[in-house]
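Chains as they are written, first to last, in this note's numbering: chain E, 748 to 941; chain H, 748 to 941; chain W, 748 to 941; chain S, 748 to 941; chain C, 748 to 941; chain U, 748 to 941.
Where hints are given, some of them may not hold.
Treat identical chains as interchangeable: a pair holds within one or across any two.
Capping the alpha-carbon separation at 16 Å, the derived lysine to aspartate or glutamate pairs in EDC-like fashion look like this [unchecked claim]:
no., residue 1, residue 2
1, K878, D890
2, K810, D795
3, K810, E796
4, K810, E902
5, K848, D864
6, K779, D764
7, K848, D930
8, K816, E896
9, K810, E767
Just so you know, these hints were derived from the structure itself, not from any lab.
6 protein chains.
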Amino acid sequence: MSDAPAISRFPVPAIADLPEDLRGRILEVQDKAGFVPNVFLVLAHRPDEFRAFFAYHDALMLKEGGLSKAEREMIVVATSGANNCLYCVVAHGAILRIYEKHPFIADQIAVNHRKADLTPRRRAMLDFAVKVALRSSEISEADYAGLREHGFTDEDAWDIAAIAAFFAMSNRLANMASMRPNDEFYLMGRVPKR
Amino acid sequence: MSDAPAISRFPVPAIADLPEDLRGRILEVQDKAGFVPNVFLVLAHRPDEFRAFFAYHDALMLKEGGLSKAEREMIVVATSGANNCLYCVVAHGAILRIYEKHPFIADQIAVNHRKADLTPRRRAMLDFAVKVALRSSEISEADYAGLREHGFTDEDAWDIAAIAAFFAMSNRLANMASMRPNDEFYLMGRVPKR
Amino acid sequence: MSDAPAISRFPVPAIADLPEDLRGRILEVQDKAGFVPNVFLVLAHRPDEFRAFFAYHDALMLKEGGLSKAEREMIVVATSGANNCLYCVVAHGAILRIYEKHPFIADQIAVNHRKADLTPRRRAMLDFAVKVALRSSEISEADYAGLREHGFTDEDAWDIAAIAAFFAMSNRLANMASMRPNDEFYLMGRVPKR
Amino acid sequence: MSDAPAISRFPVPAIADLPEDLRGRILEVQDKAGFVPNVFLVLAHRPDEFRAFFAYHDALMLKEGGLSKAEREMIVVATSGANNCLYCVVAHGAILRIYEKHPFIADQIAVNHRKADLTPRRRAMLDFAVKVALRSSEISEADYAGLREHGFTDEDAWDIAAIAAFFAMSNRLANMASMRPNDEFYLMGRVPKR
Amino acid sequence: MSDAPAISRFPVPAIADLPEDLRGRILEVQDKAGFVPNVFLVLAHRPDEFRAFFAYHDALMLKEGGLSKAEREMIVVATSGANNCLYCVVAHGAILRIYEKHPFIADQIAVNHRKADLTPRRRAMLDFAVKVALRSSEISEADYAGLREHGFTDEDAWDIAAIAAFFAMSNRLANMASMRPNDEFYLMGRVPKR
Amino acid sequence: MSDAPAISRFPVPAIADLPEDLRGRILEVQDKAGFVPNVFLVLAHRPDEFRAFFAYHDALMLKEGGLSKAEREMIVVATSGANNCLYCVVAHGAILRIYEKHPFIADQIAVNHRKADLTPRRRAMLDFAVKVALRSSEISEADYAGLREHGFTDEDAWDIAAIAAFFAMSNRLANMASMRPNDEFYLMGRVPKR
């Protein structure tokens, strides 16, 4: 165990030492996923930031709305690829493969969403998301009009941009802390279940 | 009133229609500042995101720690300048002027922190913050070592990076929504009180 | 006085020691403005360059033509922001606020002219100016056609480009010399006169 | 079959119609790998270019020398990630996983080689390779000296640079032709054999 | 002779020591051109790579097709200028001047093809080539459509892209080896023959 | 004559119609050089700007100082190459070849000054000049210290930076006006006189 690579360049608290609410959330995730994604342990170093981070995450990723869960994960993977964030590409790539039931889609989007197996609608969604990630000061009404041509409402546009913005933060935190993806993520959703 | 420029390209709710907790927070800010900073009204369009945003903001900006309040605002202004975010440069520039009691410091840092009236320690702090903002995938142990030479601990480094990361998100939200700074901010802290 | 921050990393001559024509120009400015903008003192280190610089400046900024004085200053502020030039943003921002009688316009344009309170005509003007500042080798006839759609003549286009080009020089000189804006500029035009 | 996604935006010849030497090479690969990597079929559209491409590939990737086969594939994956080339990241990522017997290494290097499970020697190798890929005009003797500190000879440096250069070409060909990776590559080397 | 500047930072073999086929090719070129272009001597350090390089070169540059020989050299010069490759700009600039019988065209294209004496068709060709050189992951069907408007077929597009891709490799090799252009190239095609 | 390519996209006045001082300067140049460099004719469209431009030019390029005339032209060629300015690369390249009596030096510096036949001192000079041209906001005392190691004084540093700054302007004017180099420049200094 002591030889396992560090999951953060900062101290990682023991689950037993965490505040009750963090421990509860982490055990709940562990029950559901079968393991604890490292982002929970790494951010638990700062309990208040942990609480706000996951509250924000849930507000964007679990809410009802015009974007499917797979589409939200596509936004995460595309912008995290653009920001060269290992943790987010690997962890959210796994979730995307499972939601979309497509074993290749995450690798395609992480490397170059323009060459991925996507409808024009979804390509437009990712073009907008990547522009928010990389050149947000140039976003203009023309970008919103482009989304509307593909049936996205203004509320959808907010969702796309807010997810891209939240992971702009998340990517920077992961890069700063050298957050390591769990080994489990790499293979998830790649082998079809029988 | 109807001729006032829009503060967001998205709908802005009336304060009276907001959930109790949002209304409470907004009225509290209004009492203290004498006006409601537009970020509260613009993000109130999405109450759950509002709650998470300000919880995160408070966890980073109001906590105890090795960075002074003025230093935290310096990080906001430097990275928001790098991201060309009008709202954050103007609003947090005002707060910085007040905290630092220096009427020029915000304009200096927003345009080019290398030419600002700063100690070498604070310049190093902003060099790190701007690298997190613009090239986080290149952050390495050498950057942490550089901070230590100026007396910053690893916990300070997390603070600097986390503030830069949070405003990477905030800048993108403001740019996406064309969030308009309140007129009040432009002059705050520029005229010495007698 | 000896504790005042340096206005240049190069020697700054005493006004009394300057050649007659430089001294005359400087005293004239002082009479009019109430203080001597530092660019006059910093460039006086090189009298021949001083003479040419201000001759060029006047040829572009004081001439008759299709651009108003405020519009010329908008070009200065937008391109100086793009070049991260503290002196020019602060000094010409002050002049712009006064000409335009708009206390916010300079900060808006310096941070992101796309979010400023501008007519489409003026936004097109600044799009062209910033392209000259940052990517002049890509200027094509399509850019001139874009200006004509907003009523700009070819002579106006020359004016816009020449001002952007002159301040490309000026920004580099100010950055090289660490030219410091006078304290007076920061507040000018921000407080309405009664 | 007719519904399979195209592997190239250009015509793909039938194997039976190919010149003898191309067909021979392709069948040989098929025997060994169990399938025909699409790059063989896509480039077979131009037999002379096919011959030169694979002769060059073999001269760099199969020769003796100071770099292991896994290290050569690391160079391919790192530079192809930097060039956003889906085919090369996926196909050579598969080969790298097999050579290195490490199921995560390819994803790590493709997203950000600085965060990968690498020795300092291999990180220096990839720093050099990525500089050749992205900023070759800035390569200087200091870069060669940096490699020597990690035990690389000048001949090794040629190998690193030549592989980076060859895949600079290959990435551009794949991007131009929208070359699609075979489905088989995505899973190769991810599941340990029993 | 010993004072002549090195043509490579790597060892350059004597022609007499080369394998028969390399020596033959080199002597053939010498017969035709009157001197041996340094690329032959520099790459002869690696005979297998030499063979593949020139086989590939010939497959692209000597084949029949929709592009004239001068147009192919234009692609080389434009993309080599974009990659800051001294050898390729100087050597292929010379060849271009001769093929096109235009003493200025190479300098024009190397510095900025948008300002060169070119038909719109050739400008579109070079726009595409430079995009392949610098941003190949963004190539889309719209780029092919743009070429078709100027009469280029898909096979022409492959040729343009493949030449740009081959010289992406060649530029990196020359930059890595500090390959020096022969003195003869600088003047070739500049002085009209009588 | 009517078929000659335009030397400017703006009107070019007849010499006879020019103000006396401009006509005098132009005829003087013509006497000396044997032809009128197009920059004189193109800028004569704006006599006041013409006067200031050449006064500035002369103040920087003709003055006494620590830089040789050839070195000043090297700065022009290196920064004009970085700015992709055809007129300045071709015209000042010609002057540089003549001053330096080196037929290759201008092409070398225009494409990549790091690969040019230069002493370390001159390479350091051009590194500084190109940084002023491209990233002047990052100039720091470390850059001045680097110049001092090669024997440059602070006054030399001003000269280098001011020339880079002046041609930052000049390059943008030439690009904006599509200023065409005279045919004569292309060959000047390439053929040794007997």
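Verification of the supplied hints:
1. For a Cα distance limit of 16 Å, the shortest separation of K878 from D890 inside one copy, 9 Å, qualifies, whereas the shortest one across copies, 20 Å, does not.
2. In this homomeric assembly, K810 and D795 come within 16 Å of each other (Cα to Cα) only across copies, at 9 Å, whereas the closest approach inside a single copy is 22 Å.
3. Only between protomers do K810 and E796 lie at most 16 Å apart by alpha-carbon distance; the minimum there is 10 Å, versus 21 Å within a single protomer.
4. For the homomeric pair K810 and E902, the shortest alpha-carbon distance inside one copy (12 Å) is at most 16 Å, but the shortest distance between copies (33 Å) is not.
5. Taking the shortest Cα distances, K848 and D864 sit within 16 Å of each other inside one copy (13 Å), while across copies they are farther apart (29 Å).
6. Proximity of K779 to D764 under the C-alpha cut-off of 16 Å is found in neither arrangement, the shortest distances being 21 Å within a copy and 37 Å between copies.
7. For the identical chains of this complex, K848 and D930 are inter-copy neighbours only, at 14 Å across copies versus 20 Å inside a copy, given an alpha-carbon limit of 16 Å.
8. When the C-alpha separation of K816 and E896 is checked against a cutoff of 16 Å, the pair qualifies neither within a copy, at 21 Å, nor between copies, at 41 Å.
9. In this homomeric assembly, K810 and E767 never come within 16 Å of each other (Cα to Cα): the closest approach is 25 Å inside a single copy and 20 Å across copies.
In summary, the structure is inconsistent with hints 6, 8 and 9 from the numbered list given earlier, while agreeing with the others.
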